[in-house]
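Colleague: These are the residues of each chain, in order.
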Amino acid sequence: MSKRIGMEIAFAAAEAVALCRPDVIAAYPITPNTHIPEHLSDIVAEGRLDAEFICVESEHSALSACAGASGTGARVFTATSSQGLLYMQEVMPIVSAMRLPIVMAIGNRAISGPINIWNDHSDIMVQRDMGWVSLFSANGQETVDMVVQAFKIAEHRDVMLPVNVNLDGFQLTHVVEPIWMPDQQEIDRFLPPYEPYASLHPDHPLSMGTLGLPEIYNEVMMARNTALMNSKKVILDIWKEWETLFGRRYEPIESYKSEGAEVLLLTMGSMGETAEVAIDELRREGIAAGLLKLKLWRPFPFEELREAVAGTKVVAVADRACSIGGPGGPLFAEVRSALYGEPERPIVVNFMIGLGGRDVMVEDFKKMIKKAARAKHVRAECAYEIYGVRGS
Amino acid sequence: MSTAKKQPMGFIENFDLYAPKLVEKEEFFTSGHRACQGCGEALAIRLMCKALGKDTVIANATGCMEVISSVYPTTAWRLPWIHVAFPNAAAVGSGVEAGLKALQRKGRIPDRRVKTVAIGGDGGTVDIGFQALSGAMERGHDLLYVCFDNEAYMNTGIQRSGATPFGASTTTAPAGEASFGNKTGKKNVAEIMVAHNVPYVATACHSYPLDFMNKVKKARKVKGPSYIHCLSVCPTGWRVPSEACIKMGRLAVETGVFPLYEVENGKYRLTIETPEKLRPVNDYLKLQGRFRHLSPDQIQMFQDRVNLEYSKLMNKVKHSRSWLDM
Amino acid sequence: MTEKKWPETWQEVNPGCIVFTPGSARSYLTGGWRAQKPIWDNTKCIKCGICYLFCPEGCITEDAEGYFAADLNYCKGCGICMHECWPRAIKMVEEG
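Residue numbers (the working numbering), protein chains in the order written: chain A, 211 to 602; chain B, 24 to 349; chain C, 2 to 97.
Chain A on its own, in the form it takes in the complex (with noise of 0.2 Å):
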């Protein structure tokens, strides 16, 4: 039976990892992630959880290791942020092409230049491309949700993929929030143990990670692509399974007063939830707002995207990543570009907005949405602003 608890958001994380039953954990201090392999490493000297927990000296050695206990067949984790999620990257599309399922929780902290230690999202726009599967949850429900969907989506036969769940750093990590906390019987039954479809074993003798010659290099990223677009169908169903069991719905975008809006305000992470307040207090004001939350970012969701924004005139897009010298935000690139190809478009606008952990208020999303209200199709580099630059 579930438990409702109140909880540290990161500290729940652990406890839903826990309950997954991982063989083996690698991870390193980064603020402000750290309080789950903490809390993990507690789990385990208290005999909760028997699992290996190596200390391990660099985050880059964190994943490696990883890399290397999945190819054993353990099921493993990590957790990591911002700085050390760059330190780690040369692995992440390695292990991505390895097909080893591990799972990670990424605390997002905006990454250094100059170094800050608070949320915002450009440490995960950054892994775009990496080839792992991205969840984005919203508030301390999602997360531990999410955390235990992350194993059984990596480790399905039809997916065979790293999962990063992302929570956004401080503003859930380190708040406490009331949490439906599932029972170890009710993860056994949803979550059964690993079956490694390859491992290493003097008994089964291969080789993993060989070299990829020209000649198959090219046919291989078809494969990953492929694999990666193709495990939403498996996280669909996954997520159906979830809301059977737990009564809780997962979708890739999730709308909040959307039907009949004008102007849609799209977001991802915790702020999503700041923005229902202004959207609740717009249609309050009779303005016909509607707010977007898109829970997966990789595979992209087109086909959810296009329906969500089929019929509203303007898409206000909330990036919390500025891709510097780019055509906009990462999320609002990606929006568009997905756009692109419909007869019937909406004006899409971008505000890059809580870079660096500055706080997002809800008259700030008001005033976004009514900004975003009196837009016109504009090119892509005159869509985008910083929001709230003292100075200009």
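Source of the hints: derived by calculation from the structure; they are not laboratory data.
Everything numeric in this text was worked out from a predicted model, so none of it was measured.
Heads up, none of these hints are tricks.
Rough simulated footprint, nothing fancy, chain A against chain B, three-plus residues with beta-carbon under 8 Å:
#: 1; region: 90-96
#: 2; region: 104-111
#: 3; region: 118-130
Ideal Cβ placement from N, Cα and C applies to all residues, glycine included.
Dock chains B and C against the given chain A, drawing on the hints supplied.
Modeller: Leaving out everything else, chains B and C in the frame of chain A:
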């Protein structure tokens, strides 16, 4: 093992003439690999695998041996093998060790000892892989790390590494009018491993195959970290004829450039009988194209360095005590 | 694993580029690399096995009588066996 009589040509000392026939016959590193002709490192890998036996998992860093042995869809390995990236052989090895440990404890794999061995070249161990090696050894995993040292980044075209010896010409520290090549000595990773309290540390060379294989067997038995540094002659990079591969390794040992020793719980011991007087280093240097440019003064500097390092080692051999007796 | 023709289609490539057949490198015959090959004079051979031990290819094998020969499908002609042979029983001969 009996010591052989000194042969007329003075080829091999302390060697049981008929022992090759007693060596494990099975090949765990098959032919068809794409190493250069006369590759000492490929030979060393072949010998190491014979000493390890089949209950082994190999974690390999990017480098010559990884590239020549695992061209998809083929593999020269008949042992379970994983390659991830360049700097992380020791980290991947740590993960493999932990995974096997957890799975065995939980009864998900058969209950028998499978040894994890991480291997890398000198670049992947001494330079870019140094951090991961230090971390893995400090954490005390049941992991053997073998460094195959051919003294440069050979796979990428003979660039200077932290293990490149003094005076060697490499493509990034070449000899020319304004420089005599590499200006610093070899990073002594074996010593660094002893400082990590690794219970078994050894230097080895494929030119002394039984010594090497015995060390591998000994290291395999250790229930904790162990380290072997194996000098591997690269005829291509050292600019020697391919057939001289074994001879160059022998000269490295006989001149004291690369002494063969082991350190068990801090106690140093030379593992082959060295002659009372070491051969002059010039016997070793003059045969290699990478040292061809050295002047007599520079060769003397090289000799002085070798004498110093050898004295330091002999000092430790004489005076070190096992940590178990302290 | 069934034999696949090289180069494989994207559907055929093993996930993760895993190679399931140990020792499959033997399908690549490196013998074409050499310029000279080793010939054993069994009248001089003392059957010590040094040539077998020092071959980087591992392509020298012992026959029923205890003499040795290189598998010319793989021998790269490096000359190590010739150089290390005590009684000078091995000669390197230029390939035609």
